[in-house]
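On the provided structure of chain A, position chain B as indicated by the hints.
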Amino acid sequence: MRHGQVRIIELLLTAFMMAVTIIFVMNFTRPIKSIYIRETSDLRRLAYNLLNDFATAGVYEDVIVQGNLSGTNWEDEMRLVLSISLPPEILFKMEVYELHFSPITGDITYIRLDNGRITNLENFDQEKLIEAESVSYTYVIVGEPDKVRGTVLYIVLVLGFGG
Amino acid sequence: MRKGQILVATALMITVVIMAIVVSVYEAHVFFLKTRSIVVREVIGSITADFERATAVVLAAATRSYFNYSRFYDFCSRFSNLGLTYGARHNFTIARNVAKSYLQYWLVAASKAYASYGPQIKYDIGRLNISKYLGRKRYIYNLVSGYWYYPTAASVAYAKLRVNLTNAGFYGWESDIVVGVFLKVYSQPIDSDPIENYTKITINVRVDNNESYSELITKGWVEIYYPERKNGRWTGKWVKGKIEDIKYDGFGNYTIKFKPYVKTLEDSITGKEYVPLLVVVSDHRGIIVEALTYTRIVFKVSKKTPDQLIYYDYNGRKKTVTKPNQTPQEKYTIEFSSDLNFYWLNIELGRDPADFELPPLPYMPIKQLMINISKDGTLQTLSERPFQVENWTRITWNGENIWIPYGLPDPTIDIVPYIVMGGKYYNMRFVFQVPFESRNVRDQWVVIWWNDSLDAKIRTYSTKIWYDESKREVFHPLFGIEFLDLQHQRAWGFESVPISNNPCSSYFDPDYHLKYWGIAALVIRDPVSGTVYGIYNLHGFDSWIVRCGRSYIAYLARYRPYGTWKIYHNYSRFGITAPIRIYAVLNTTLVGDIYRLTESNGNTAGNVRDDYYHFLAIVEIINGTNYVPIISYVYWTNTRTGRGYWVAQASGAASSTIPNWQSTFGWFTYLTYREGGYQENSTDDTPVSSSMGYNVYESYYPGIMVSQWGDDAGKSLIFNKAILDYWYSLNPYRNLKTASYMCGSVPLCSADFQVFPFDWYDTYTIGAGTRFSYWSVYFVYDLTGPGWRGDTDENGWRNSYVYAPMFLEEYSPVIKKP
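Protein chains in written order, with this note's numbering: chain A, 8 to 170; chain B, 38 to 855.
Chain A with its partners taken away, still in its complex shape (with noise of 0.2 Å):
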């Protein structure tokens, strides 16, 4: 063999060994920004399976829509489905919306529904929070009773860890 090809075959085993080192460290080292999307992301993930649990078991109709319709302190009773099913460690905050729409000029306004006590933390707009996401959803009423069937609430619910 002459000295050249060995030359050429050492270079070519130097890249190659250089490109696999590299690539395993990149498998082996999370990216720097993955641990904080990771950790949020379950947050919304949590939130958003939290939201549609409750409206597959008709938790709006029967919170929401029973309470406003008696008149009875029906925020804490949200914020009691709230607590028993998130874990303990989570803060939660939620809001209820009743969206208006307006067939003359178009126009969607929102009622705020709730006392703004739905929340395992008081002051939960001070605190501060490690991590958080605030997800928005639309619910539309299907269950009885009729008066209330066809309204659509407009609900947002963050989900945080304390600091």
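Hints listed in this document are in silico derivations from the structure and should not be mistaken for laboratory results. All residues carry an ideal CB built from backbone N, CA and C; glycine is no exception. Incorrect hints may appear among the rest.
[As the list claims (entries may be wrong)] The calculated lysine-lysine pairs, modelled on DSSO-like cross-linking and capped at a C-alpha distance of 30 Å, are:
id	chain 1	residue 1	chain 2	residue 2
1	B	K274	B	K461
2	B	K256	A	K154
3	B	K159	A	K154
4	B	K461	B	K277
5	B	K277	A	K154
6	B	K149	A	K154
7	B	K300	B	K267
8	A	K154	B	K137
9	A	K135	B	K149
10	A	K154	B	K274
11	B	K197	A	K154
[Stated by the list, open to error] Using C-beta positions, here's what the derived DEER-type ranges look like:
id	chain 1	residue 1	chain 2	residue 2	range
12	A	G65	B	R266	36 to 44 Å
13	B	E437	A	G65	58 to 66 Å
14	B	K277	A	G78	30 to 38 Å
15	A	I91	B	G120	42 to 50 Å
16	A	I137	B	L49	42 to 50 Å
[What the hints assert, rightly or not] Covered stretches of chain B (in silico footprint by chain A; criterion: 3 or more residues with CB under 8 Å from a CB of chain A, positions within the stretch not fixed):
id	region
17	132-145
18	319-330
Only chain B this time, still in chain A's reference frame:
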């Protein structure tokens, strides 16, 4: 440069290139993580689920509104600002537009709610084939559709949802959204017991993508309606059954036991048995579907008229006359009431067998209904025929219960079997025509069925009758009938004809100037030229005798009904002309002295009175027929004595071919009652004609028919038999009379019927409380052509005689079990 440096540089370059590739791959990996991080799946899931809910809500609104807006007013009225009003409750096009408007708002709301993801949400409308489930070819189109009133029924919405989340770089999500409820009712009961008084049936409920629905008991509801039974018959009304037990059998099947026992019927065409039930199901989202265990109501109409008739000629010889082979004029205008009775000339028809029962019409809007009738008595010739719906009420009229029509309903309203309100009974009548175009056809099939689509439009049918309000005239191809009354006191075109107040003047007679001062009468005209053939006076009592110089003039039929006609000619909400018949109703307590009114120039004081008789008349102008039934009810409030009593005066010929009164050759005949030594249906010494020297022909003992005819056409008045018996019993001398002014010698050739004949020297008295009802049928005929015998000259009347039994009680058609 040394030899090894180039190699090292090359190695570095290769490494840099590989690194660049690796970094790109890494970026792609990070991007994937970012995409996952904003939980695309959950967002898409949330949007899709809420779109399904929004679609379910609009479908619920459309179906609840269609089923019973009033009952679900709380819900349906929420959409009234979008157009879903009570008046539009059975307009699925409007419901669909409401659905689209609502979904448009929802799209805006969802776009705002998920704004951080850069959503692009829209839906496309497609077509979904649901034939497999329904067992008939049906599609969901234009977002929402419903197919009800059959044993398999469905309310379904279908759309294709498309979502992009641009901020997530997520594009092209598509999802078929099918929201709906499918209901199948098994027509035969699985068990029933008349002693235990229960019925047990099976239904199958599925939702959305043909998934079994297991929450009917817990979250939805089901109602079963059965036919109400009163006095041993079904009334047409649906009554909610008492559900005693519901059992879920899996796969969407439910067994329902309810009270009471409902007897089973048989479909006459297929022979399959069914228990007549109506089942309504709602799922937890409020979507309603209505199913029925049967798809049609089948029966036969059987004619009873004879093919051969007998009469006795002027020599007393017995003659027979046979119907022509083709009998297109034998067309019955039958009314099927929503409380399941049949009528012809306002009398209830018999059934064969007597206990033949029909199930109720579905609880549905009128516009769904359709009628097929055979042409030659076989199933093969069944085809759709026009029909119209009318409102009728049974009133107590001077102590007697009688049926009168009061308009045509809005065809978009629900069929109402009957309503009892304020002591009155209301129902609807579905009016259709059963033709017997051939003499040999004795039975015709009738199938009442319904359009299962909630998109069913109001059926419009062509007709040759129409009403001109400006002339107050109903036009028929054979004649025009103008209604004179308080509102329209003078025949049109006669405005400039002079009126004399002097009874000795030839310009005095109201039949000359046709100013009737509020007296209710009919003016018969040529439908094209408007030429007046004459007046049809409904009723008249007493005569007014005036002296003119040395002689006296007797003005006949003095006290006539005075009032205003109500004319019902269309479905007023939509302006659709009544396709079968236009009818007018006169209901008055007043009579007017037409001659005194003329003399006093219309002064009603003392000339319009309420102390003679009350009069109610229903006049029908019927498309495609040659007859005009005039059904009358009379009640005498006071005892009165007078000269003569007329129950019909019909002037004029009956065709535009005889407008030239001065020269037309005219014939007259009548058939006798069995009185005065006459056989029934003897022609006495008629036919007579003006050419035989008669100006006026008068004779006694008239029976079912009087007739006048000319060269090619004629008219007959046909009376029902029962009233003849009564009238002959009313007249102490039993000398009823008919008179004819012959065509050709006087301007009007008239025929009349006198219960008490006019007499210069004698009077008759009618006692207070006298009451009777009768019909006179104004029948116009040709002498030759299809459906006519071709008898001419002295035998011309026989062309109408062969059809006369149609209008006699004993030959009324019968509703027959096939």
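* So which of those numbered hints doesn't the model satisfy? -> No numbers; nothing is violated.
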